[in-house]
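S.K.: The listed protein sequences correspond, in order, to chains V and S.
Per full-length UniProt numbering, the first sequence starts with residue 1, numbered consecutively.
Per full-length UniProt numbering, the second sequence starts with residue 1, numbered consecutively.
Accuracy of the hints is not assured; some may be wrong.
To be verified - Here are the simulated SDA-like cross-link-like pairs (lysine to any residue), alpha carbons at most 20 angstroms apart as the crow flies:
(1) LYS121/V / THR210/S
(2) LYS239/S / LEU147/S
(3) LYS231/V / LEU212/V
(4) LYS122/V / LEU206/S
(5) LYS122/V / LYS239/S
(6) LYS168/V / VAL54/V
(7) LYS109/V / LEU147/S
Calculated directly from the structure, the hints in this document are not laboratory data.
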Amino acid sequence: MSQPLLEARDLTKNYGTVEALRGASFTAYPGEVVSLIGDNGAGKSTLVKCLSGVEQPTGGTLTFDGEPLILNSPNDARGLGIETVFQDLAVAPDLDPAANMFLGREILKPGVLGFLGVLDKKAMRRQATEHFTRFGATLQSIDVPIAALSGGQRQSVAVARSVAWASKLVFMDEPTAALGVLQRERVLDVIKRVRDEGIAVVLISHNMPEVLSVSDRVEVLRLGRRVARFKASETSVEELVGAMTGALTQEDAA
Amino acid sequence: MIEDKTTLSAVPGEPRTSLLKRLTSANTLWIGLVLLVLVATFGAIRPDAIFQVTTLQFLLAETAVLLVLSVGMTFVIITSGIDLSVGSVLVFASVASAMAMNSVSGGDATNAGWGVIAFGLLVAVVSGAAWGLLNGLLISRAKIPALIVTLGSFGAAQGAALLLNNGSNVSGIPDRLNRTFGSGTYLGIPNIVIVAAVVTALGALLLSTTRFGRYTYAVGSNEEAARRVGISVRGHLTKVYLLAGTLAGLAGFMGNAFFRVAVVTGHETDNLNAIAAVVLGGTSIFGGMGSVLGTVFGVFIPAVLEKGLVIIGVKEFWQPIAVAIVLVAAVWLDQTRRRARNQR
Numbered sequence: 001m002s003q004p005l006l007e008a009r010d011l012t013k014n015y016g017t018v019e020a021l022r023g024a025s026f027t028a029y030p031g032e033v034v035s036l037i038g039d040n041g042a043g044k045s046t047l048v049k050c051l052s053g054v055e056q057p058t059g060g061t062l063t064f065d066g067e068p069l070i071l072n073s074p075n076d077a078r079g080l081g082i083e084t085v086f087q088d089l090a091v092a093p094d095l096d097p098a099a100n101m102f103l104g105r106e107i108l109k110p111g112v113l114g115f116l117g118v119l120d121k122k123a124m125r126r127q128a129t130e131h132f133t134r135f136g137a138t139l140q141s142i143d144v145p146i147a148a149l150s151g152g153q154r155q156s157v158a159v160a161r162s163v164a165w166a167s168k169l170v171f172m173d174e175p176t177a178a179l180g181v182l183q184r185e186r187v188l189d190v191i192k193r194v195r196d197e198g199i200a201v202v203l204i205s206h207n208m209p210e211v212l213s214v215s216d217r218v219e220v221l222r223l224g225r226r227v228a229r230f231k232a233s234e235t236s237v238e239e240l241v242g243a244m245t246g247a248l249t250q251e252d253a254a
Numbered sequence: 001m002i003e004d005k006t007t008l009s010a011v012p013g014e015p016r017t018s019l020l021k022r023l024t025s026a027n028t029l030w031i032g033l034v035l036l037v038l039v040a041t042f043g044a045i046r047p048d049a050i051f052q053v054t055t056l057q058f059l060l061a062e063t064a065v066l067l068v069l070s071v072g073m074t075f076v077i078i079t080s081g082i083d084l085s086v087g088s089v090l091v092f093a094s095v096a097s098a099m100a101m102n103s104v105s106g107g108d109a110t111n112a113g114w115g116v117i118a119f120g121l122l123v124a125v126v127s128g129a130a131w132g133l134l135n136g137l138l139i140s141r142a143k144i145p146a147l148i149v150t151l152g153s154f155g156a157a158q159g160a161a162l163l164l165n166n167g168s169n170v171s172g173i174p175d176r177l178n179r180t181f182g183s184g185t186y187l188g189i190p191n192i193v194i195v196a197a198v199v200t201a202l203g204a205l206l207l208s209t210t211r212f213g214r215y216t217y218a219v220g221s222n223e224e225a226a227r228r229v230g231i232s233v234r235g236h237l238t239k240v241y242l243l244a245g246t247l248a249g250l251a252g253f254m255g256n257a258f259f260r261v262a263v264v265t266g267h268e269t270d271n272l273n274a275i276a277a278v279v280l281g282g283t284s285i286f287g288g289m290g291s292v293l294g295t296v297f298g299v300f301i302p303a304v305l306e307k308g309l310v311i312i313g314v315k316e317f318w319q320p321i322a323v324a325i326v327l328v329a330a331v332w333l334d335q336t337r338r339r340a341r342n343q344r
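Using the sequences and the hints, build the whole thing.
M.R.: Below you can see the structure in the form of structure tokens.
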């Protein structure tokens, strides 16, 4: 395979006396969907937080495109084209979808007004509408607060927002957890479309059939370590569950 | 043809809610109507007394100072914070500014010129800003709850103001200041009201059209979300409290111009009046929602009630009771609406 896009080696993360990661490794290649699975408490969310700059690992190394990488904040990751859809969505419920999509990246009016910090709301609304349509997030209205949308629509907005800004890699922490069947299909569809544009997707999920249907590769985390790596086409739900519960280990995985 | 239409409606081109619908769903409109009904009711009972130029002038001028405080408070409450210190900061700025003007004029600034007045304005604004900055830093950096920090500066600023002049009012406000900004009018509108109106308009623009305003809503709506998209939440909170303090300083200077004396008492409940005005105006005490226009209505409802009740001969003691009922009802409505919305 080609050079890894993002590689983590022997990451450790301690919260006080709790060891959330105990030498976890992780690899993502360009333009693939790789799923990160593991039982509750295996350290998936912590690993994603370390890889997206939300938390700083206690030990271990990261490389990105072959270069050593240190992420001090989510902004560092975003600067490299790495975006994250968090499990708790992290949208501002009182702002409308367009405002949420452009939050932290507002378009300002040209000229003096822009210098004064005046927003170009029209341009943002137009671009947001285009973008939402492209990624199949159908909203009946672009200017109602997010809180007035259904759970699925909120999720679509969060996913669409991250995908809009990612140029290299997107982390998706349980992006389908709260969704109905139809919306779940749509999100999976978005994942494939993003991959086809050459962007790597890291999917965290509990849903094994979903993982197998959408991923190219699967990496398994257990007790803060990587315990197995599979090609999605060559494995089965039984094998994945075996790796997650510790019934099966690969010697070379860590 | 018909098929064309169905496809068009299925593809959301730019699905904007109509202006009318957006207006009627906003709290601001209803609060504005309440104010209008109040004015109309009192006006119908005593048109001679209510629609008198002097009555209106006095009502506006008295309310101008509170309005400036409330504009700052609107920003603070939208971030889901609170600022209890505004009245004390106003007193501190007012005393500091009056004493500064006196001291550069050899003890009595009554006949001082514009240079001294400008210096007084600077002192008022800077001392207000300093208290605001202190509040902001303690809240955003030291992570002490805003309620406690500003309760502390509420006491401290009042105490400091009393220390400055040994507990007495400061006289010697320049005549020129009082004549122009205190009692002067332009086309019948008191100049102090024009100043307040300009500040309010700038505040409204800042909140509704700029990135600063957008971040204010975002921080109040979901602080964590704001942080994750890279907004400096700490920096923004500091700026918001700084703004509230600066406006309190300006309000102190306006008070000096209007009353011709820097008074050390009588502002103990300014903070509560400003909070009540902001909340009456439809700004959510839980943060993330609100408007400066609503605050304008919220400032005038208690003021109109007070004046109106006096004029139609009802004991003015009813005014705080009436305001209290409207206030609690407003928060209750906001809460029910939020709960209904968030349950989807």
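S.K.: For every hint, state whether the structure bears it out.
M.R.: Quick rundown of the hints versus the structure:
1. LYS121/V / THR210/S: holds (10 angstroms)
2. LYS239/S / LEU147/S: holds (17 angstroms)
3. LYS231/V / LEU212/V: holds (9 angstroms)
4. LYS122/V / LEU206/S: Status holds; Cα separation ~17 angstroms.
5. LYS122/V / LYS239/S: Roughly 27 angstroms separates the two Cα atoms, so the pair is violated.
6. LYS168/V / VAL54/V: Answer holds: LYS168/V to VAL54/V is near 18 angstroms, not above 20 angstroms.
7. LYS109/V / LEU147/S: violated (37 angstroms)
Violation of the numbered hints given earlier is confined to hints 5 and 7; the remaining hints are satisfied by the structure.
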